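Chemist: With chain A's structure known, arrange chain B on it following the hints.
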Amino acid sequence: MLRFISPVFEPTLFTLPLFTERCPAGFPSPAADYTEDELDLNAYCIRHPASTFFVRAIGDSMKDMGLQSGDLMVVDKAEKPQQGDIVIAETDGEFTVKRLQLKPRIALIPMNAAYPTLYPEELQIFGVVTAFIHKTRGKD
Amino acid sequence: MFALADVNSFYASCEKVFRPDLRNKPVIVLSNNDGCVIARSKEAKRLGIKMGVPWFQLKSAEFPEQVIAFSSNYALYASMSNRVMAHLEELAPRVEQYSIDEMFLDIQGINSCIGFEDFGRQLSEHVGKGTGLTIGVGMGPTKTLAKSAQWASKEWPQFGGVLALTRDNLQRTEKLLSLQPVEEIWGVGRRLSKKLGTMGITTALQLARTNSAFIRKNFNVVLERTVRELNGESCLSLEESPPPKQQIICSRSFGERISTYEAMRQAICQYAERGAEKLRGEHQYCRHISVFIKTSPFAPNQPYYGNLSTEKLNTPTRDTRDIIIAAVRALDRIWIPGHRYAKAGIMLNDFSPTGVSQLNLFDDIQPRVNSDKLMKVLDSINHAGLGKVWFAGQGINTEWQMKREMLSPAYTTRWADLPTARI
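So the sequence lines, in the order shown, correspond to chains A and B. Using the numbering used here, the first residue of the first sequence is number 1, and each one after it goes up by one. Using the numbering used here, the first residue of the second sequence is number 1, and each one after it goes up by one.
Among the hints, erroneous ones may be present.
In silico SDA-like pairs for lysine to any residue, Cα to Cα no more than 20 Å straight-line [what the hints assert, rightly or not]:
#: 1; chain 1: A; residue 1: K80; chain 2: B; residue 2: S124
#: 2; chain 1: A; residue 1: K135; chain 2: B; residue 2: L418
#: 3; chain 1: A; residue 1: K135; chain 2: B; residue 2: T420
#: 4; chain 1: B; residue 1: K25; chain 2: A; residue 2: Q124
#: 5; chain 1: A; residue 1: K63; chain 2: B; residue 2: E90
#: 6; chain 1: B; residue 1: K129; chain 2: A; residue 2: H48
#: 7; chain 1: B; residue 1: K129; chain 2: A; residue 2: V128
#: 8; chain 1: A; residue 1: K80; chain 2: B; residue 2: Q122
#: 9; chain 1: A; residue 1: K80; chain 2: B; residue 2: K343
#: 10; chain 1: B; residue 1: K129; chain 2: A; residue 2: T130
#: 11; chain 1: B; residue 1: K129; chain 2: A; residue 2: D85
#: 12; chain 1: A; residue 1: K80; chain 2: B; residue 2: V17
#: 13; chain 1: B; residue 1: K154; chain 2: B; residue 2: Q180
#: 14; chain 1: A; residue 1: K135; chain 2: B; residue 2: M51
#: 15; chain 1: B; residue 1: K25; chain 2: A; residue 2: E94
#: 16; chain 1: B; residue 1: K129; chain 2: A; residue 2: K135
#: 17; chain 1: A; residue 1: K135; chain 2: A; residue 2: A43
#: 18; chain 1: B; residue 1: K25; chain 2: A; residue 2: I125
#: 19; chain 1: B; residue 1: K42; chain 2: A; residue 2: G93
#: 20; chain 1: A; residue 1: K80; chain 2: B; residue 2: H126
#: 21; chain 1: A; residue 1: K135; chain 2: B; residue 2: D417
#: 22; chain 1: A; residue 1: K80; chain 2: B; residue 2: E90
#: 23; chain 1: B; residue 1: K129; chain 2: A; residue 2: A78
#: 24; chain 1: B; residue 1: K129; chain 2: A; residue 2: Q83
#: 25; chain 1: B; residue 1: K343; chain 2: B; residue 2: S309
#: 26; chain 1: B; residue 1: K129; chain 2: A; residue 2: R47
#: 27; chain 1: B; residue 1: K129; chain 2: A; residue 2: E79
#: 28; chain 1: B; residue 1: K129; chain 2: A; residue 2: F54
Cβ pair distances, simulated, as ranges [unchecked claim]:
#: 29; chain 1: B; residue 1: N24; chain 2: A; residue 2: L118; range: 17 to 27 Å
#: 30; chain 1: B; residue 1: R333; chain 2: A; residue 2: S69; range: 54 to 64 Å
#: 31; chain 1: B; residue 1: R191; chain 2: A; residue 2: G138; range: 53 to 63 Å
#: 32; chain 1: A; residue 1: Q82; chain 2: B; residue 2: G187; range: 42 to 52 Å
#: 33; chain 1: A; residue 1: D92; chain 2: B; residue 2: P181; range: 40 to 50 Å
#: 34; chain 1: A; residue 1: L118; chain 2: B; residue 2: R191; range: 52 to 62 Å
#: 35; chain 1: B; residue 1: Q122; chain 2: A; residue 2: M65; range: 31 to 41 Å
#: 36; chain 1: B; residue 1: E125; chain 2: A; residue 2: Q82; range: 45 to 55 Å
#: 37; chain 1: B; residue 1: E125; chain 2: A; residue 2: P49; range: 47 to 57 Å
#: 38; chain 1: A; residue 1: Q82; chain 2: B; residue 2: K245; range: 44 to 54 Å
#: 39; chain 1: A; residue 1: Q82; chain 2: B; residue 2: W156; range: 34 to 44 Å
#: 40; chain 1: A; residue 1: P49; chain 2: B; residue 2: G197; range: 45 to 55 Å
In short, the hints are calculated from the structure, not lab data. Given the structure is predicted, the values throughout are model-derived calculations rather than measurements. Glycine included, C-beta positions come from ideal geometry on N, C-alpha and C.
Just chain A, with the same shape it has in the complex (with noise of 0.2 Å):
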């Protein structure tokens, strides 16, 4: 007598968790609860991404704070400017980096006493400097 073997269709499922997690044979390391993200340059001298722009500055008219010739200037175009600030003012169609006086009488002060104070009639302002970044080997 022949007897057919057909084969289950449809077996019964069968899932067992896959754990993704690598389980380390020694001791737990002790300081895997204390992780933390490392510190992010960007997030300390950025406050907003979306209004920031990077700046190459060129001369030597602020040499007396150490912002150099092709130092890197981190640019807030959102910050309003205050007394005092570093800011990039537009003079003569082109881009320049002064103090800002805005008190008792609005002014560009240079950082360099070779410089004269600008007094414009207008002012026009790019953004603040927030920051500069001088790299010490390897220029760009």
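Modeler: Using the frame of chain A, we list chain B on its own:
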């Protein structure tokens, strides 16, 4: 309520942000290959420069002041567009990027804390302060009406670039629609407005008053939707995430005509690589690869030739190598020497989200091993901005590249191109 924010003379304004010397100067931006005018600053508009005028005509024209022209710098425009978008998202709960310089905003309920037009001015100030670009804002209960409001805010300077059409002030809406020509309505093109004109419908108000069943019968359901939208019934909702692409096209006009097979093959390889990269960006696989080539239809004394050829793959792919092979095979079928080709391109079609498909029992082509890994490495190298790797097929010496002789620096996306300031 919807708001439509659009950047005034977007491309030209982007060029001005980093060039204080161009303030109040007429600036124009040219299309690919420096063909014709695609954007004008308001000073350039005042000089009477029209959209679409070929550059070679303007170059020799005399103007009372110098017109400054730029090649289109899409790296800069995309970066500035993202910044505008980010600013709008800070103030509005939901934003849809409709085009590079237009965004729809959901402003439902905003009037319970601030008037719509005050909110519009706030938006404009916020974007202006953060990016240096000026936006106009049109608002209305439907997208179509928001677009009409935006059109009106540009047409009449007394609105100061901000205008809201609300349900409480229907008279104002009707007045405005009675002044708006049909061809200025969102979604009504020149052909449609011509046909509407023969029926005596010339203004937006007339279209709004037309029976929508009549419109569906004589035109289509899309125009019927426009009629409903003009009447304040919202039919189009905000689309925050763009629908997945059904097709990818990479094509360019050449900077100079191509007449050798070698150069054409290089161009096709380059477009194939770019297309494959976009395809992977969309997380899709494709099965159809088409290539088209054509000569200029305007060249005098030369016969026009244009053709398209399609390759169908057995298995969906997103491997650059497969796409290049198929593209070159397609090119070989339509290539005819002796023509001076002006444009070529590649189209990827028939997408599927996975590379899984039924293999043929007798296939001798097997899927490539580690294809995804290799492509991932390729893309990550190319996106790192440190250098590029590419397939040898596109050559290294590509003199047919797009002509961009007046390209401005990519001020916001390349270290070497940063703007400078005198200290």
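Chemist: The structure should be examined with respect to each hint, and the outcome stated for every one.
Modeler: Comparing the hints with the structure gives:
1. A:K80 <-> B:S124: holds, 16 Å
2. A:K135 <-> B:L418: holds, 16 Å
3. A:K135 <-> B:T420: holds, 17 Å
4. B:K25 <-> A:Q124: OK: K25 (chain B) and Q124 (chain A) at ~16 Å, within 20 Å.
5. A:K63 <-> B:E90: Between K63 (chain A) and E90 (chain B) the Cα gap is close to 37 Å, so the pair fails against 20 Å, i.e. violated.
6. B:K129 <-> A:H48: holds, 12 Å
7. B:K129 <-> A:V128: holds, 12 Å
8. A:K80 <-> B:Q122: Holds: K80 (chain A) and Q122 (chain B) sit about 16 Å apart, inside 20 Å.
9. A:K80 <-> B:K343: violated, 49 Å
10. B:K129 <-> A:T130: Holds, at about 16 Å.
11. B:K129 <-> A:D85: Distance ~17 Å between K129 (chain B) and D85 (chain A) Cα, so the pair holds.
12. A:K80 <-> B:V17: holds, 18 Å
13. B:K154 <-> B:Q180: Given pair K154 (chain B), Q180 (chain B) holds - Cα atoms ~12 Å apart, limit 20 Å.
14. A:K135 <-> B:M51: violated, 46 Å
15. B:K25 <-> A:E94: holds, 14 Å
16. B:K129 <-> A:K135: Violated, at about 30 Å.
17. A:K135 <-> A:A43: holds, 19 Å
18. B:K25 <-> A:I125: Roughly 18 Å between the alpha carbons, so the hint for K25 (chain B) and I125 (chain A) holds.
19. B:K42 <-> A:G93: With a Cα-Cα distance of about 19 Å, the restraint between K42 (chain B) and G93 (chain A) holds, given a limit of 20 Å.
20. A:K80 <-> B:H126: With a Cα-Cα distance of about 12 Å, the restraint between K80 (chain A) and H126 (chain B) holds, given a limit of 20 Å.
21. A:K135 <-> B:D417: Roughly 18 Å separates the two Cα atoms, so the pair holds.
22. A:K80 <-> B:E90: holds, 18 Å
23. B:K129 <-> A:A78: holds, 5 Å
24. B:K129 <-> A:Q83: Between K129 (chain B) and Q83 (chain A) the Cα gap is close to 18 Å, so the pair holds against 20 Å.
25. B:K343 <-> B:S309: OK: K343 (chain B) and S309 (chain B) at ~15 Å, within 20 Å.
26. B:K129 <-> A:R47: holds, 15 Å
27. B:K129 <-> A:E79: holds, 8 Å
28. B:K129 <-> A:F54: holds, 16 Å
29. B:N24 <-> A:L118: 17 to 27 Å: Holds: the Cβ-Cβ distance is about 21 Å, inside 17 to 27 Å.
30. B:R333 <-> A:S69: 54 to 64 Å: Hint holds: Cβ distance 59 Å, inside 54 to 64 Å.
31. B:R191 <-> A:G138: 53 to 63 Å: holds, 60 Å
32. A:Q82 <-> B:G187: 42 to 52 Å: holds, 47 Å
33. A:D92 <-> B:P181: 40 to 50 Å: Holds - the Cβ-Cβ distance for D92 (chain A) and P181 (chain B), about 45 Å, lies within 40 to 50 Å.
34. A:L118 <-> B:R191: 52 to 62 Å: holds, 58 Å
35. B:Q122 <-> A:M65: 31 to 41 Å: With a Cβ separation near 36 Å, Q122 (chain B) and M65 (chain A) satisfy 31 to 41 Å, so the hint holds.
36. B:E125 <-> A:Q82: 45 to 55 Å: 18 Å Cβ-Cβ, so the 45 to 55 Å window is violated.
37. B:E125 <-> A:P49: 47 to 57 Å: Cβ of E125 (chain B) to Cβ of P49 (chain A): about 19 Å, so the range 47 to 57 Å is violated.
38. A:Q82 <-> B:K245: 44 to 54 Å: holds, 47 Å
39. A:Q82 <-> B:W156: 34 to 44 Å: holds, 37 Å
40. A:P49 <-> B:G197: 45 to 55 Å: Since the Cβ atoms of P49 (chain A) and G197 (chain B) sit about 49 Å apart, the hinted range of 45 to 55 Å holds.
Checked against the numbered hints above, the structure breaks hints 5, 9, 14, 16, 36 and 37 and satisfies the rest.
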